[in-house]
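J.: Sequence:
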Amino acid sequence: MAKMKALGLTQTLGHGIRECSLKTNIIMPKRKRVHLIIVTDCGGSDEGRYRITAGRCFFPHEPRITFFPTESMNTLHCGFTAAAHALSTIDLFGPLRQGEQIGILANAAPRHGTENGRRLRGEDRKPEGEEIYALKLRNGVWVIGPNAGYNFFFLENQVVESFLLTDTSGRSTPFRSMEVMVPAFAKIFGADFPHLHLTKKKLQVADGEDGVFVADWDSHGNIYLVSTVPDKLWVPARNQSCAFHIGTRHIARLRHVNGIFAGNTGEQTLTVGSLHLNGKPVYYIVIVGGNAHSFFGNPPVGTRVQIEEE
73 MAKMKALGLT
83 QTLGHGIREC
93 SLKTNIIMPK
103 RKRVHLIIVT
113 DCGGSDEGRY
123 RITAGRCFFP
133 HEPRITFFPT
143 ESMNTLHCGF
153 TAAAHALSTI
163 DLFGPLRQGE
173 QIGILANAAP
183 RHGTENGRRL
193 RGEDRKPEGE
203 EIYALKLRNG
213 VWVIGPNAGY
223 NFFFLENQVV
233 ESFLLTDTSG
243 RSTPFRSMEV
253 MVPAFAKIFG
263 ADFPHLHLTK
273 KKLQVADGED
283 GVFVADWDSH
293 GNIYLVSTVP
303 DKLWVPARNQ
313 SCAFHIGTRH
323 IARLRHVNGI
333 FAGNTGEQTL
343 TVGSLHLNGK
353 PVYYIVIVGG
363 NAHSFFGNPP
373 VGTRVQIEEE
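Residue numbers 73 to 382, in my numbering, belong to the letters of the sequence shown in order.
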């Protein structure tokens, strides 16, 4: 009986039946509400690997995963998707709630062979890839990714803290977004990964190219545009029309209207939708009742959109 008490066992008798119950002092960890948004040019079967990695790194918590596949090595697509699709949707529903933790992985990093890498990317080119940063935004969301191209271009002014992320494990990997960046989110949110280090360092983002560019499109063929110049330099007045070159082969004659359904059927229009970028609405090219993307020759991300010179 003494042994049973020492082990926390209690004995009860009733109707001739002996019962034993075990009193335990195990405290289950409180489940964290973590939402990991993965914006990456690693799609296909790699999505499964990201999910497995997140499950292992965040255990015993169960992170929710949202996956945005982007064009291969295209930082404009990655940066726009992270800021316009992911971040603006988060902000649409107000401040983060107590205990709500959200991370955005923004990963695209152009690569070149050793024979031309320095020529294309300069003498400071790092064979292992650009430096990885962990950024805390003013709304409490964390963003992690390589400081390459436009990955951070559209959210730079929202950064309140920036950290250089380094991996001291000695392991070399071409899949840093899965093997380094996902565990880094788990570390920020409370897990122990002693080989990952965060050192305060000011983020320096390269200047973008001036202009208006195709940034994405939706399943209806509406083309999303991103601009690095003031709207007044290219957006016509409401109900006014202007001709634009989309790439070098197509001309769009767009009327500026108020809403994606505001034009006449078949009309080529310029309007804003629900997406926002740094608090400003994103402009769309819309053909009411049609598919603007296919109509204008399926322009890829990065295609320049220019006002036709008179």
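One should not assume that every hint holds.
[Unchecked claim] Here are the simulated distance ranges between beta carbons: (1) 309 x 171: 42 to 52 Å; (2) 244 x 338: 28 to 38 Å; (3) 314 x 164: 21 to 31 Å; (4) 292 x 171: 16 to 26 Å.
[Claimed, not checked] In silico PhoX-like links for lysine-lysine, alpha-carbon gap of 25 Å or less: (5) 273 x 259; (6) 259 x 272; (7) 259 x 274; (8) 304 x 208; (9) 104 x 273; (10) 352 x 208; (11) 304 x 272; (12) 273 x 208; (13) 272 x 352; (14) 274 x 104.
The hints are simulated quantities; they were obtained by calculation from the structure and are not laboratory data. Here a beta-carbon is modelled for each residue, glycine too, at the ideal position from N, C-alpha and C.
J.: Could you grab the alpha-carbon distance between residue 304 and residue 208 and see if it respects the 25 Å cut-off?
T.: The hint is violated at about 32 Å.
J.: Would the pair residue 304 and residue 272 pass a check requiring their Cα atoms to be no farther apart than 25 Å?
T.: Violated - the C-alpha atoms of residue 272 and residue 304 are around 38 Å apart, more than 25 Å.
J.: Checking one constraint from the list: CA of residue 352 to CA of residue 208, max 25 Å. Satisfied?
T.: 21 Å, holds
J.: Within 21 to 31 Å: is that where the Cβ-Cβ distance between residue 314 and residue 164 falls?
T.: 30 Å, holds
J.: Using the Cβ atoms, figure out if residue 292 sits within 16 to 26 Å of residue 171.
T.: 37 Å, violated
J.: Mind checking the alpha carbons of residue 272 and residue 352 for me, to see if they're no more than 25 Å apart?
T.: 30 Å, violated
J.: Mind checking the alpha carbons of residue 259 and residue 274 for me, to see if they're no more than 25 Å apart?
T.: Distance of about 20 Å is within 25 Å: holds.
J.: For the pair supplied as a hint, residue 259 and residue 272, confirm whether the alpha-carbon distance does not exceed 25 Å.
T.: It holds: about 15 Å lies between the C-alpha atoms, which stays within 25 Å.
J.: Taken at face value, is the distance from the CA of residue 208 to the CA of residue 273 at most 25 Å?
T.: Holds - the C-alpha atoms of residue 208 and residue 273 are around 12 Å apart, at most 25 Å.
J.: With respect to the beta-carbon atoms only, verify the hint that residue 309 and residue 171 lie 42 to 52 Å apart.
T.: 47 Å, holds
J.: Does the Cβ distance between residue 244 and residue 338 fall inside 28 to 38 Å?
T.: With Cβ atoms ~55 Å apart, the hint is violated.
J.: Has the given pair, residue 104 with residue 273, been kept, meaning a C-alpha gap of at most 25 Å?
T.: 28 Å, violated
Going through the hint list in order, the structure does not satisfy hints 2, 4, 8, 9, 11, 13 and 14.
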